[in-house]
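*Asks:* From first to last, the protein sequence lines stand for chains E and G.
Start counting the first sequence at 424; every next residue gets the next number (this note's numbering).
Start counting the second sequence at -13; every next residue gets the next number (this note's numbering).
Derived from the structure by calculation, the hints contain no laboratory data.
Where is the CB? At the ideal position from N, CA and C, for every residue including glycine.
Zero decoy hints are in this set.
Below, computed lysine to any residue pairings styled on SDA-like, alpha-carbon distance capped at 25 Å: (1) E/599 / G/166; (2) E/599 / E/505; (3) E/599 / E/498; (4) E/607 / E/639; (5) E/607 / G/166; (6) E/430 / E/496.
The calculated label-pair distances, taken between Cβ atoms and stated as ranges, are: (7) G/183 / E/624: 34 to 42 Å; (8) G/203 / E/527: 45 to 53 Å; (9) G/110 / E/646: 53 to 61 Å.
Footprint (simulated), chain G over chain E, 3 or more residues, beta carbon under 8 Å: (10) 493 to 506; (11) 510 to 523.
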Amino acid sequence: MTIELKKLTKRFGSLTAVDAIDLDVGDGEVLCLLGPSGCGKTTTLRMVAGLEYATEGDIYLQGARVNDLAPRDRNVAMSFQFYALYPSLSVAENLAFPLHADGLSRAEIEQRVKRISDTLQLDKILTRTPGQLAEGEKQRVAVGRSIIRDPQCFLFDEPLSRLDVQLREEMRGEIKEVLQDLSKPTVIVTHDQLEALTMADRIAVMRDGRIEQVDTPHNVFQSPENLFVAGFIGTPQMNLLPATLTGTNGHGTADFAIAGGQSMTIEVDPRIADLAQGANVTLGIRPRNLEISHDPAPDGISTKIDIVEPMGAETLAHLSDGQHDLRLVADWRVPLSEGDQVHTRFPPGATHVFTENEQVLRSAP
Amino acid sequence: MARKYREIGKAGWGYTAITSVVGFIYFFPVLWIILTAFKTRTDALAVPPKLFFTPTLENFTSVFFRASITTGTSQATDMGLYFFNSIFIAFTSVGLALIVGTLAAYAFSRYPLRGNDTYLFIILTTRMMPPIVVIIPIFLMFRLSGLAGSYWGIILLYTAFNIPFSIWLVKSFFDELNPEIEDAARMDGASERRVFFRFCIPQILAGLSATFVFGLILTWNEFLFALLLTGVETRTVPVAMARTLGGEVGVDYGLLAAIVTLFLVPIFFVTFLLQNQLLRGVTFGTVKK
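Take the sequences, apply the hints, and build the full model.
*Replies:* In structure tokens, the structure reads:
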């Protein structure tokens, strides 16, 4: 374990920005801190960097407690959201700056700058100043400056948020490649789930200073542990439908009453049997898992198509049963027209059940 | 029929002409004084005023060398010393105020005290009252401490008067900077001192120039304190200028105009040298980001 956070807490006056989080990042692992703005992810990163004092808790880098070390003594590299290139220095000087503190020889510095500029294709812009660079180039220089030293770990604050869509995709690949070669523990802060899902080995989803779930991108997407993660990860957002459990029939098949008078019988997690009759739950299903048929079926509810949004290869439809809105993504060839009555179907195993305390259904403790 | 509308981004000749006229009216007193400096005594007093005349440098010579009324021989005046005093006192005190103000401004911006805004407000209140309100206590303090008439006295006083202004202005420049750059430098192994000198200061050079020039103009023209707190050796030009008024031969307007013209030169020169920085300084933050 090379980055280890134990009960790490940060309070600004009466506001608790980070609330006793535990987290560890292994060697060569890329961990993404993902969450809405103001959830404490950047504050967490800054505490690891040493730019904020931890109010409580401990930070360990390579096993050593670093709470009381100044940023420059932690041997951590960080890339900032607005790049933070030194405006009065040229690109080459920007790249070389972190090396001066290490007391390297001029030849060694030149050699390292050369190597980095070759890797990141910066050789043509080495003499320019940051003001003369395009956004993508600035990002490259910022990445270059953070990897030029041989730090214990890497921290990235919203590395791609300032780039346009095309550049973002390009840089995402590039950064991923660079990080793979480095095999150092890396923490990336982002509010962009696509960025997290594509670049991370593990994702820590944060809300209000707490970590809601830490898992692989696949698991965070496929098995969200609570309502927040379920609703936060995935675009379009997961459908969350409040329901009441009216009966269980074994093998995970259960009857639910939906507000508005409709009811359905669907196959969910077998642990549904542990819940009492009449329990209030939230049913979650991804828009891509939801199916429709024109004939009424017991495993769904009937709805009307409100809006149809073509998205190229797929079509997003907004369905309504009069009280709830459901989103459905279907292949573009499926005929969907606004105003049509359709019957939704919840396929076996595709529906997540969240209990009243917003946690996913688990075996009784 | 479609109404004609003005092309965006162009003013045209008409507006340029109107602006020139307004500008000329504002500049007229300065022009008048400069012209008078080159006139003989007769031309200076002519009614109606002469626009065309044979220029003379006689007034400028007599700023520094004047015929003695009693003996008729040419004598050096002390004006050279007074110009030196004005330059030395203004530049030193504004420079000191800028150094102290910049350090304080950085502290107020980056390491706010508890009740930071209250402190800043109190600092500003020292500039709210007209200086004449405090002239008596200050005069007494100077008399008691023996600072009256000395260079140190007037320099320290001007420094004290310029510091609040410097703190406020420079703080606003520091506030505009992206703190990420400082954080990045810290991560890259720079000490706090290096962060400040290597990365913060170069980014606000324009702002520092603007602050310097504003302070310099205020100090350069200051009259009241200079009148009461400078001695014969430390007298500044505005005070000396006032003393040339009156006397047994009446007001020598040509001489006065020559002193004023010379008095304009240093400040004009500094402003001209720093004009690009000044423009960037006063518009700092409004055009960035």
